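Each chain, written out:
Protein chains: 2
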Amino acid sequence: MLTLESMPNRPCHWLMGEGPKNDILISSRVRLARNLLAFPFMSKASEPQREEIQTTLRSRLEKLKEAPGHLYVEMSDTHDIDRQMLMERHLISRQLAAPDGSKGVFITEGEDISVMVNEEDHLRIQAIAPGLQIQECWQKAGMVDDELEAGLDFAFSDKLGYLTACPTNLGTGLRVSVMVHLPALQLTGKIDQIKQAAKDMRLAIRGLYGEGTEALGDFYQISNQTTLGRSEQEIIREFNDQVVPRILQAESAARELLVEENPLLIDDRIGRALGVLSHARLLTAEEALYHLSYLRLGVTLGRISGLELSNINNLFLLAQTAHLQKLRGGELDEATRKAVRAEFIRQKLSRGNL
Amino acid sequence: MLTLESMPNRPCHWLMGEGPKNDILISSRVRLARNLLAFPFMSKASEPQREEIQTTLRSRLEKLKEAPGHLYVEMSDTHDIDRQMLMERHLISRQLAAPDGSKGVFITEGEDISVMVNEEDHLRIQAIAPGLQIQECWQKAGMVDDELEAGLDFAFSDKLGYLTACPTNLGTGLRVSVMVHLPALQLTGKIDQIKQAAKDMRLAIRGLYGEGTEALGDFYQISNQTTLGRSEQEIIREFNDQVVPRILQAESAARELLVEENPLLIDDRIGRALGVLSHARLLTAEEALYHLSYLRLGVTLGRISGLELSNINNLFLLAQTAHLQKLRGGELDEATRKAVRAEFIRQKLSRGNL
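First to last, the protein sequences are chains F and V.
Going by my numbering, the first residue of the first sequence is number 14, and it counts up by one from there.
Going by my numbering, the first residue of the second sequence is number 14, and it counts up by one from there.
With the rest of the complex left out, here is chain F (with noise of 0.2 Å):
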């Protein structure tokens, strides 16, 4: 059974698992957003609306065919290291961690499917997966849709479809989006066109942990910006096999270019990773993203030997402020966590006798 206690030491199902092209592309994920017929958008809900909406969902929710082991986690009970956990492993939106009114997250115990519970829409049905599996995530999601929809009417008018908070989720209330790791597009400065590229085809891009996080660790979220008039096949198809496999290509020509070109260049930034990881003893978050992006560009190029990609995967999870705070069992201000993390990684990374 999946508890917030465990949850640290489980690994992370979409950042650890294998999954299809996970050189590039971390992880897929499809995300539904659904509105309850019964009761007005978050923006007109009253406190004990909101309250009875988080009662009705958490019931139906647990009555899902995917809830055994399940985790269901109300947000004003849970402690703010908690729910920046859930945020790290990308199983609720800042939104949702904000600490206002009754709202919560469904999470089965795979960890594959969350659902939030009073988020910007009622109801938002995520699956996520590592690699490429976006069909995959569509079919899991889907399931979950079909099966609260038996027994709930959702705001839905024939001719827009999925009614949603914002406009933006409008008809199907669908978003297709991608964790991709660019580091080869930054190295050489081709990373503006693909953003260019994106906004030309309408695709919203950003940073690991949404806006405002550009770059970090070179990792990009990639997804669809519009839903209204097109059905749901076709936008997971435009995005599955138009979209990404631009991008997967782009970078892939680009670490070529590089490991012919510049061969150096790209052993001295994963050297350096390598070096300063595996000795410095104040990490800061941020640090340590930027240099283990470089270390997976080292094993997924084969230019460094003795690591496994899930464990450098599982190292970016661990370097992050909340699982930090969670594995050593309490809150620690910044200083001691800079020392934490360091100790941290140096361990993982010498027990990979490096």
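If you're looking for bench data, these hints aren't it; they were derived computationally from the structure.
None of these values were measured; they are calculated from a predicted model.
Hints may contain errors.
Using C-beta positions, here's what the derived DEER-type ranges look like [what the hints assert, rightly or not]: (1) V:Gly202 / F:Leu229: 23 to 33 Å; (2) V:Glu269 / F:Gly319: 31 to 41 Å; (3) V:Arg316 / F:Thr68: 51 to 61 Å.
Examples of chain V residues lying across from chain F (beta carbon under 7 Å, computed) [said to hold, decoys possible]: (4) Leu183; (5) Ala293; (6) Arg294; (7) Ala352.
Ideal Cβ placement from N, Cα and C applies to all residues, glycine included.
Keeping the supplied structure of chain F fixed, place chain V upon it in accordance with the hints.
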């Protein structure tokens, strides 16, 4: 016999030798400025006169009892890289290295004495030694001065003392200096106090290679500024008994304080230095110096083992642009130098089994 070709492979006397207090005080240096009575000062001397000065002085210098095994380098015949190498070894000044007119340097086989001809003055006699050896340097420079004066008439006024091109050297023509390593004063933010105190004591404080190289690897050259109206013994006694102990005491206290109050900060810098130097594939001279400085601190504080201070001191020299090129047997462009420097340092550190 000392030659320009054998030089880069030879240990650098002042940098690698053992000397008192050389955990902080790298080297001591005494310099005497002298001019020949029979010739105008450098600013007024014609090129034929400069040639005559050099011919006269070279023949005297080569008869010194310190001359056996010596090297005399005429600057006009000498390659850029060799001139820069002499500068990196502190055997000549930047001014002497500039390619204009007749000038040269006499260097003893042990590199402990060098005499520049036609620098700012006709003669600049310099003795240099590792650690705190100001008196020893003064004796050596004085002996050369006496030997030369036995057969040459120096410009001298009974009232003013030795006459020199720049009034700051008037009187004794003496400059005493030490090169100190002050990383703890830098880390604790107290270096500016020391700089101000030096100013108040009418001392000049400069970087590793003179003006404009302040704080390069936390190395500083500290020297007396005025020589008029005081005897040589007074100047040396004050410098040796007052100035140097104060600086050593301040850096020692800062090191103790750091170890006591913030050992993680030191170990972080030392660890990163070791990590970067033993893993980077591209290094500028500046970055190499920066990290070598912390490696040196780590060894002197006993916080890293398996490394000798003399080896690190040697790396300081070999990381420099001209030494690097001499060792690789020719001119290298900047990008290649970065790669060669990194490779070189990595090899040397891995031989130390780190």
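Any CB of chain F closer than 7 Å to the CB of Arg294 (chain V)?
-> 4 Å, holds
For the range 51 to 61 Å, tell me whether the beta carbons of Arg316 (chain V) and Thr68 (chain F) fit it or not.
-> Hint holds: Cβ distance 59 Å, inside 51 to 61 Å.
At the C-beta level, are Glu269 (chain V) and Gly319 (chain F) separated by a distance inside 31 to 41 Å?
-> 39 Å, holds
Hold the hint about Leu183 (chain V) up to the distance rule: shortest CB distance to chain F must be less than 7 Å.
-> 51 Å, violated
Given hint Ala352 (chain V) near chain F, where the shortest CB pair must fall under 7 Å = Since chain F brings a Cβ to about 6 Å from Ala352 (chain V), closer than 7 Å, the hint holds.
Given Ala293 (chain V) was flagged as interface, is its beta-carbon under 7 Å from a beta-carbon of chain F?
-> 5 Å, holds
Consistency of beta-carbon spacing, Leu229 (chain F) to Gly202 (chain V), with hint 23 to 33 Å = 30 Å, holds
The structure fails to meet hint 4 from the earlier list, while all remaining hints are met.
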